[in-house]
Amino acid sequence: MGHLESVPLFWRRMKALYTLTGVECSNCGEKYFPPRLICPECSGKEMKDFKFKGKGKVVSYSIIEVPPQGLEYQTPYGLAIVELDEGPRVTGQVVGCTLEEIKAGMRVEATLRKIIAINKAGVIQYGFKFRPEGYPVFNTEVT
Amino acid sequence: MRKVAVVGIGMTKFGELWDYNLRDIFTMAAIEAMDDTGCTTKDIEAFYVGSMSAGRFVGQEHIGALLADYTGLKHVPATRVEGACASGGIALREAYFAIKAGEYDVVMVGGIEKMSDLPTTEEVTTTLGAAADQEWETFMGLTFPGAYALIAKAHMNRYGTTREQLASVAVKNHKNGKNNPKAQFRREITVEQVLASSVVADPLTLLDCSPVSDGGAVAIVASEDVARKFTDTPVWITGSGQAGDTIALHDRKDLTTLPAAKFASERAYSAANIGPKDVGFAEVHDCFTIAEIVATEDLGFFPAGEGGKAAEDGLTEVDGQIPVNPSGGLKSKGHPVGATGVAQVVSVVEQLRGEAEKRQVNAPNIGLTHNIGGSGATCVVHIFSR
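In order, the protein sequence lines correspond to chains Z and G.
Counting in the working numbering, the first sequence runs from 1 upward without gaps.
Counting in the working numbering, the second sequence runs from 1 upward without gaps.
Extracted from the complex, chain Z is given alone in its bound form (with noise of 0.2 Å):
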């Protein structure tokens, strides 16, 4: 399908996907990712930008064995529904850990991944995943 190869719709969406940038109500102080316009809670027009932190935990999560277009290479995958910190929820995959770890409740951070790999328009499309809070980054112990 044509849309998933269409560059603009990916690189408007950049800062957001990259920074987990959302907004936050001037008038009632509600935040909500991805950002929006107009507040829903109080029709306030006034957002400024909220980054969120990107920790949190997952509310209810499934393992997807048959993907849309453009994920068949990467099934079976985690999906989990994440309820972050400050208190708005997202969709998102869950990565480094094996599938029978993924529990509703676990604690998870956001990281930056590659979501889709496979395009003709040669853009590989990163956004945020979630991994287990405290993945170990790096292995910095020599053996």
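No lab work stands behind these hints: they were computed from the structure.
Glycine included, every Cβ here is placed at the ideal spot set by N, Cα and C.
Please note that a few of the clues may not be correct.
Within a straight-line C-alpha distance of at most 30 Å, the following computed DSSO-like cross-link-like pairs (lysine-lysine) qualify [claimed, not checked]:
#	chain 1	residue 1	chain 2	residue 2
1	Z	Lys31	G	Lys262
2	Z	Lys51	G	Lys253
3	Z	Lys114	G	Lys253
4	Z	Lys57	G	Lys253
5	G	Lys358	G	Lys175
6	Z	Lys103	Z	Lys53
7	G	Lys175	G	Lys277
8	Z	Lys103	G	Lys309
9	G	Lys253	Z	Lys55
10	G	Lys178	G	Lys358
11	Z	Lys103	G	Lys253
12	G	Lys100	G	Lys42
13	Z	Lys53	G	Lys253
14	G	Lys253	Z	Lys15
15	Z	Lys45	G	Lys253
16	G	Lys262	Z	Lys57
17	G	Lys262	G	Lys100
18	G	Lys253	Z	Lys48
19	G	Lys3	G	Lys277
20	G	Lys3	G	Lys42
21	G	Lys253	Z	Lys31
22	Z	Lys53	Z	Lys114
Heads up, incomplete: computed chain Z residues facing chain G, CB under 8 Å, no partners named [to be verified]:
#	residue
23	Arg13
24	Ser60
25	Ser62
26	Ile63
27	Glu65
28	Tyr77
29	Ile81
30	Arg89
31	Ala104
With chain Z fixed as given, assemble chain G onto it according to the hints.
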């Protein structure tokens, strides 16, 4: 305001209809409905059709005009409405309003989808995924079975709903669909077969999922002023309710319910001046087994968390306390997404006329349809009576 009745119904067989294209499928259903009504194209004053994604499934847009043209509805105002898998139910609601308002007396309502022309499962999965938030759910890898798997996990986690209870919904709907000559799958299955079928999105297996289908359904609706000119057995639409919710499942605080279904049914019950206990049977949106369990709770048939046990205990069987999906539901009858909402109406009208043969519920007075779009961002509920 004036009362509105369904005076004629028509529906194609659901399934993989390789020999027919979009317009043929629709026209076959329309002819059956006009024959059933005893009306001709000259009686039809307006036409509303529900289709989720003819553009992506077969590359055809502007299908209100196309289908009106091939049905012979010359110069009739033809409008396509879209609300993902609730498109058909919304089409009926638009016709209901137009007649109630006094603009028309006789309106054709259609639902159509031709899904099997897409070459791969991934393309169908992607197209259906467009009913979710494309940028923030589908892009991340969410599929439709995935969305309902998240709901199922949450329901199991909170209420202890079991895998076997989910499977019992599919078993019951296949048992009912066996008696429906227009159903896509007319064979019984067992709980063991459901559990042993391949995983689509854990915990949902292939036999928890409604199929990819082609099909069309048509209802002809009329004002009370003219209804009896067409039929001795008008089926009255006594309540109509629609509600919305966030497009993304993750933006809802409680994943074990679809609030839009609660709001839509409350509005429909209120309009019909009845409550859940007055409903004789229901055709609900069982796109996945968990969806029927959640539906029976949202509609007030069972308390929250008890829908799974009720299904397992047989309370939703054709001869149960509240028969649910006596037609076979989306699971067995098939789910051509835009057609489903109107196909539910066809099933309810058959029941209320007493023409449902082996699927017949014992002397029902009131029937209900529950039609969901996406993961619950749209819900439309209608109540019908003899």
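Do the hints match the structure? See the list:
1. Z:Lys31 x G:Lys262: holds, 26 Å
2. Z:Lys51 x G:Lys253: Roughly 21 Å separates the two Cα atoms, so the pair holds.
3. Z:Lys114 x G:Lys253: It holds: about 28 Å lies between the C-alpha atoms, which stays within 30 Å.
4. Z:Lys57 x G:Lys253: holds, 14 Å
5. G:Lys358 x G:Lys175: holds, 11 Å
6. Z:Lys103 x Z:Lys53: Holds - the C-alpha atoms of lysine 53 (chain Z) and lysine 103 (chain Z) are around 21 Å apart, at most 30 Å.
7. G:Lys175 x G:Lys277: Holds. Lysine 175 (chain G) to lysine 277 (chain G) sits at ~25 Å (cutoff 30 Å).
8. Z:Lys103 x G:Lys309: The given pair, whose Cα atoms are some 24 Å apart, holds under the 30 Å limit.
9. G:Lys253 x Z:Lys55: holds, 18 Å
10. G:Lys178 x G:Lys358: holds, 9 Å
11. Z:Lys103 x G:Lys253: Roughly 18 Å between the alpha carbons, so the hint for lysine 103 (chain Z) and lysine 253 (chain G) holds.
12. G:Lys100 x G:Lys42: Measuring from Cα to Cα gives roughly 21 Å; hence the hint holds.
13. Z:Lys53 x G:Lys253: holds, 20 Å
14. G:Lys253 x Z:Lys15: holds, 26 Å
15. Z:Lys45 x G:Lys253: holds, 23 Å
16. G:Lys262 x Z:Lys57: holds, 28 Å
17. G:Lys262 x G:Lys100: holds, 24 Å
18. G:Lys253 x Z:Lys48: Cα-Cα ~23 Å, so holds.
19. G:Lys3 x G:Lys277: holds, 23 Å
20. G:Lys3 x G:Lys42: holds, 22 Å
21. G:Lys253 x Z:Lys31: This hinted pair holds, its Cα atoms lying about 14 Å apart.
22. Z:Lys53 x Z:Lys114: holds, 19 Å
23. Arg13: Status holds, d = 6 Å.
24. Ser60: The hint holds - serine 60 (chain Z) has a Cβ within 8 Å of chain G, the shortest such distance being about 4 Å.
25. Ser62: holds, 4 Å
26. Ile63: Since the shortest Cβ distance to chain G is 4 Å, the answer is holds.
27. Glu65: holds, 5 Å
28. Tyr77: Because about 6 Å separates tyrosine 77 (chain Z) from the closest Cβ in chain G, which is inside the 8 Å limit, the hint holds.
29. Ile81: holds, 4 Å
30. Arg89: Status holds, d = 4 Å.
31. Ala104: Status holds, d = 5 Å.
The structure shown violates none of the earlier numbered hints.
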